[in-house]
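From first to last, the protein sequence lines are chains S and G.
Under numbering that gives the first Met the number 0, the first residue of the first sequence carries the number 0, and numbering increases by one thereafter.
Under numbering that gives the first Met the number 0, the first residue of the second sequence carries the number 0, and numbering increases by one thereafter.
Rather than coming from a laboratory, the hints here were simulated on the basis of the structure.
Misleading hints may appear alongside valid ones.
Unchecked claim - Covered stretches of chain G (chain S as the covering partner; in silico rule of three or more C-beta atoms under 8 Å from a C-beta of chain S):
| hint | segment |
| --- | --- |
| 1 | 189-200 |
| 2 | 212-218 |
Unchecked claim - As a list, the in silico DSSO-like pairs of lysine-lysine whose alpha-carbon atoms are at most 30 Å apart:
| hint | chain 1 | residue 1 | chain 2 | residue 2 |
| --- | --- | --- | --- | --- |
| 3 | S | K420 | S | K400 |
| 4 | G | K211 | S | K400 |
| 5 | G | K170 | S | K65 |
| 6 | S | K347 | G | K211 |
Ideal Cβ placement from N, Cα and C applies to all residues, glycine included.
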Amino acid sequence: MNATPIRDGEAAPPLIQLDAVAKSFGSNLVLDGVDFELRPGEVHALCGENGAGKSTCLGLLYGLHKPSDGKILCNGKEQRIENPSHAQSLGISCVFQELSLAGALSVAENIYAGRAPTRMGVVDWPELRRRAEALLAEFGLEIDVSMPVDSLPISSRQIVEIAKALSLNSRVLLLDEPTSALAPDEVDALFDVLRGLTRKGIGIVYVSHHMAEIFRISDRVTVLRDGRHISTLPATQTSQEQVVAEMIGGAHPGDVSGSRTVNGDKVVAVTGLSHPGEFEDISFSINAGEIVGMAGLMGARRSEIVRSIVGLVQGATGDVELHGQPVKFTSIRQAMRAGIGFVPEERKTEGLFLEQSLSDNLIAASLAEHTSMGLMRNGSIRAASRAAIDAFSVKASGLSKDVGALSGGNQQKIMLAKWLKRVPDLLIVEEPTKGVDVGAKFQIHTELLRRAAEGMAILVVSSDFPELVSLCSRILVVHEGRLMGDIPAEQASESVLLQMAAGTTLPAAASATPDSGAKL
Amino acid sequence: MTMTVQSDYSEKRPPLRRILQAFVDIRELTLIVLIAAIIIVMSNLNPYFFSFSNFRAVAVGMAPTAIIVIGMAILLASGGFDLSVGSVMALSSTVVAMLLLTGMPIPLAVILGLILGGVVGVVNGVLVTGLGINPLIATLGTMSIARGIALVLTEGFSVSSLPVSFAWIGKSDIGGFPVIVLLTILLVIAFDLAVRHTRFFRQVYFIGANEKAAMLSGIHVTRVRIILYALTGVLAALAGVLLASRLMSGTPTAGNGIELQVLAAAVIGGASLRGGEGTILGAFLGVVFVALINNTMTMQAVSIYWQMIVIGGVLVSAVALDMLIRSKRG
Numbered sequence: 000m001n002a003t004p005i006r007d008g009e010a011a012p013p014l015i016q017l018d019a020v021a022k023s024f025g026s027n028l029v030l031d032g033v034d035f036e037l038r039p040g041e042v043h044a045l046c047g048e049n050g051a052g053k054s055t056c057l058g059l060l061y062g063l064h065k066p067s068d069g070k071i072l073c074n075g076k077e078q079r080i081e082n083p084s085h086a087q088s089l090g091i092s093c094v095f096q097e098l099s100l101a102g103a104l105s106v107a108e109n110i111y112a113g114r115a116p117t118r119m120g121v122v123d124w125p126e127l128r129r130r131a132e133a134l135l136a137e138f139g140l141e142i143d144v145s146m147p148v149d150s151l152p153i154s155s156r157q158i159v160e161i162a163k164a165l166s167l168n169s170r171v172l173l174l175d176e177p178t179s180a181l182a183p184d185e186v187d188a189l190f191d192v193l194r195g196l197t198r199k200g201i202g203i204v205y206v207s208h209h210m211a212e213i214f215r216i217s218d219r220v221t222v223l224r225d226g227r228h229i230s231t232l233p234a235t236q237t238s239q240e241q242v243v244a245e246m247i248g249g250a251h252p253g254d255v256s257g258s259r260t261v262n263g264d265k266v267v268a269v270t271g272l273s274h275p276g277e278f279e280d281i282s283f284s285i286n287a288g289e290i291v292g293m294a295g296l297m298g299a300r301r302s303e304i305v306r307s308i309v310g311l312v313q314g315a316t317g318d319v320e321l322h323g324q325p326v327k328f329t330s331i332r333q334a335m336r337a338g339i340g341f342v343p344e345e346r347k348t349e350g351l352f353l354e355q356s357l358s359d360n361l362i363a364a365s366l367a368e369h370t371s372m373g374l375m376r377n378g379s380i381r382a383a384s385r386a387a388i389d390a391f392s393v394k395a396s397g398l399s400k401d402v403g404a405l406s407g408g409n410q411q412k413i414m415l416a417k418w419l420k421r422v423p424d425l426l427i428v429e430e431p432t433k434g435v436d437v438g439a440k441f442q443i444h445t446e447l448l449r450r451a452a453e454g455m456a457i458l459v460v461s462s463d464f465p466e467l468v469s470l471c472s473r474i475l476v477v478h479e480g481r482l483m484g485d486i487p488a489e490q491a492s493e494s495v496l497l498q499m500a501a502g503t504t505l506p507a508a509a510s511a512t513p514d515s516g517a518k519l
Numbered sequence: 000m001t002m003t004v005q006s007d008y009s010e011k012r013p014p015l016r017r018i019l020q021a022f023v024d025i026r027e028l029t030l031i032v033l034i035a036a037i038i039i040v041m042s043n044l045n046p047y048f049f050s051f052s053n054f055r056a057v058a059v060g061m062a063p064t065a066i067i068v069i070g071m072a073i074l075l076a077s078g079g080f081d082l083s084v085g086s087v088m089a090l091s092s093t094v095v096a097m098l099l100l101t102g103m104p105i106p107l108a109v110i111l112g113l114i115l116g117g118v119v120g121v122v123n124g125v126l127v128t129g130l131g132i133n134p135l136i137a138t139l140g141t142m143s144i145a146r147g148i149a150l151v152l153t154e155g156f157s158v159s160s161l162p163v164s165f166a167w168i169g170k171s172d173i174g175g176f177p178v179i180v181l182l183t184i185l186l187v188i189a190f191d192l193a194v195r196h197t198r199f200f201r202q203v204y205f206i207g208a209n210e211k212a213a214m215l216s217g218i219h220v221t222r223v224r225i226i227l228y229a230l231t232g233v234l235a236a237l238a239g240v241l242l243a244s245r246l247m248s249g250t251p252t253a254g255n256g257i258e259l260q261v262l263a264a265a266v267i268g269g270a271s272l273r274g275g276e277g278t279i280l281g282a283f284l285g286v287v288f289v290a291l292i293n294n295t296m297t298m299q300a301v302s303i304y305w306q307m308i309v310i311g312g313v314l315v316s317a318v319a320l321d322m323l324i325r326s327k328r329g
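Please construct the entire structure, taking both the sequences and the accompanying hints into account.
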């Protein structure tokens with residue numbers, strides 16, 4: 000029936016099979032009767048929004064979770080996968096989105112973590128290095144494998160991570176966003192390796208948000224939505240548009256686009272901001288009511304620039320003016336008092352108190368407002384929390400719920416609401432929609448546009464270029480600590496931004512190549 | 000499509016900078032230089048310092064600490080921690096002494112004492128991994144319990160009149176060197192090599208660097224952790240047995256406060272409470288360094304109270320210097 004390239008694959012039992020699997024965490028049902036199978040020699044893409052249940056599926060297959068209901072079969076035999084080492088012994092290995100490397104140890108040792116070749120219990124270092132080098136050579140990566148992993152760039156670390164999974168010689172490879180830090184030629188190399196593996200009959204489960212990549216590598220595509228199985232089709236019989244439509248269901252939020260009228264006064268003006276070794280001669284200004292984007296690739300130093308402005312990073316020279324007054328902040332408290340809000344990139348480590356309640360998180364930056372005579376005023380805290388939750392339609396069962404228990408999108412909304420409730424004159428937001436689903440992204444964009452319309456000046460630092468194009472009126476492009484351009488959104492497209500951010504100095508003349516695919 | 004990645008390590012640097020960098024990176028080198036400096040300075044200041052009898056006294060005195068630091072350094076590298084080592088030392092020394100008084104053969108009594116230390120270690124390991132109790136709290140509890148048991152068993156008195164042959168372990172020499180010191184050095188070398196080169200102990204660094212990643216890599220984190228606590232317990236018990244043999248009595252108050260000396264020495268030797276780093280050789284050199292400083296001050300008639308202040312200062316400076324270097328390197 001299906002046009003799978005492997006003939007005998009249809010006779011052999013599936014490598015792995017989920018049969019009506021359900022999984023709930025507490026009262027929260029995250030998988031509801033999901034069927035899924037992986038045949039020998041196929042790349043099977045698993046698609047869905049954040050929270051659709053993809054990671055839970057991988058976790059079930061790798062022994063991190065046990066199904067609440069239903070069966071898991073390996074080679075046609077029912078298995079209860081106890082833990083990752085059990086999964087590995089069943090021939091299943093996994094590459095996680097978050098890197099699982101020990102930074103101070105060598106590349107070779109990381110690849111064979113806990114499985115180094117030994118002679119009478121003693122690690123055979125030359126053999127270990129030889130094997131690691133051979134594995135990395137498949138990716139065209141020539142590095143000294145005795146170097147500590149910490150000294151590698153992120154993209155090489157991701158390759159090390161993938162090599163680590165391959166070193167197990169598994170029959171099943173689970174890949175969770177394996178290309179998120181890879182350059183295009185590295186993606187090509189990875190795909191060559193994956194095709195080589197499928198020719199040997201290895202099955203690959205491929206989880207990714209990059210539609211174009213999914214359609215380049217996959218034989219079949221399964222879509223999950225809200226923990227349910229929606230469809231499984233050969234890649235040739237579906238399309239990027241259809242998969243996206245199935246992922247988000249009926250409601251398609253579409254792109255938000257602002258009124259983009261800028262008539263306010265100048266809120267912030269930065270002139271010649273420099274920090275030796277980090278960035279140089281950064282100048283821009285933002286008016287009230289304007290959303291300005293800051294685009295760049297990894298290592299562009301965007302974070303260092305905005306953190307210098309708000310007083311988190313010291314040592315920069317140059318002028319910053321707020322409402323025409325020169326300012327120089329030595330702490331974030333000073334910047335806050337002057338009317339600046341700063342939403343950091345890392346939700347879990349910089350933005351939220353995961354074990355504290357939702358309302359505690361919301362008021363963390365405005366404690367004084369809710370205090371009288373040294374006592375916290377619960378009534379005003381509740382009222383403020385309700386208002387914030389309504390504005391963002393946060394899905395939570397109660398104000399006293401731990402923020403850590405919320406989905407990524409809801410966490411992001413809480414983090415933003417915490418700063419918006421101070422009504423800053425200038426809001427600086429890093430990666431406002433990193434790792435959130437389409438619905439939450441739409442709500443976050445809508446709220447930012449509404450605040451800008453009320454006169455807030457907003458600086459959005461983002462690596463999501465389509466987001467910047469649709470949200471901002473102007474975009475600053477940074478490459479290795481230098482401002483490459485300050486372009487109106489109408490002249491910006493994903494490909495123009497990408498070229499400028501990569502340091503190619505062809506600004507507006509860049510051709511309007513069609514986008515490489517929907518990137519959610 | 001071949002990529003070559005340049006690292007900071009392979010960069011060409013002037014030789015002097017490279018040597019300096021090596022000292023910063025390899026704590027052992029720094030400590031060896033400091034220890035040599037103490038010896039050179041002290042030999043000139045005090046004629047009694049550079050003598051076999053002084054070095055012998057220092058080595059015998061520091062042997063229990065050096066044995067325990069082996070376990071502590073491995074635990075620290077795994078992100079663990081054990082405060083109960085001093086109490087385990089006391090417990091094993093009293094229990095072995097009491098067993099000997101019943102007429103039990105020496106080897107059997109010693110082995111039972113070591114097993115007892117291992118049992119306390121397993122309890123620590125289960126409390127930390129199975130029940131998820133913070134190691135500081137869990138081992139604070141067992142520290143109190145083990146010391147309490149030793150005191151209850153002996154009603155607070157030392158257990159003496161031990162068989163004379165028991166003194167062989169703690170008091171005799173081989174080729175002019177005390178057995179206790181030779182055993183310590185043997186253990187340090189064996190464990191240093193094991194931690195560098197065996198698969199089992201290499202897992203420790205993965206667990207210490209990133210416990211979750213280690214679990215996801217298929218490493219049996221719980222099993223390894225429990226074994227490490229057990230090992231530390233056995234080594235602490237061994238230190239207790241050696242002490243009992245040297246003093247010819249089991250003392251329920253032995254090893255009081257030794258856990259902090261051991262921790263200080265391990266950290267001076269390059270271990271970190273964050274886990275993922277440190278070597279046995281480094282920790283051992285940390286013990287030697289602290290012992291020599293104490294010896295120096297005793298010889299120069301510095302009061303014991305001042306010695307505490309100096310050791311505290313050395314510990315904080317070592318860690319502060321380390322943090323400073325890290326932040327410079329970024």
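- Message: What's the verdict on K420 (chain S) and K400 (chain S), does the C-alpha distance respect the 30 Å limit or exceed it?
- Response: holds, 20 Å
- Item | Given hint K211 (chain G) paired with K347 (chain S) - CA-CA distance at most 30 Å | With a Cα-Cα distance of about 16 Å, the restraint between K347 (chain S) and K211 (chain G) holds, given a limit of 30 Å.
- Item | 30 Å limit on alpha-carbon distance, applied to hinted pair K211 (chain G) and K400 (chain S) | Holds, at about 25 Å.
- Within the assertion that chain S covers the segment 189-200 of chain G, do at least three residues meet a Cβ-to-Cβ distance smaller than 8 Å? Holds, because 4 residues of the segment 189-200 of chain G bring their Cβ atoms closer than 8 Å to Cβ atoms of chain S.
- Message: Run the distance test for K170 (chain G) versus K65 (chain S): straight-line Cα separation, threshold 30 Å.
- Response: violated, 58 Å
- Query: For the segment 212-218 of chain G, does the count of residues with a C-beta closer than 8 Å to a C-beta of chain S reach 3?
  - Reply: holds (count 7)
In this structure, only the earlier hint numbered 5 is contradicted, and the remaining ones agree with it.
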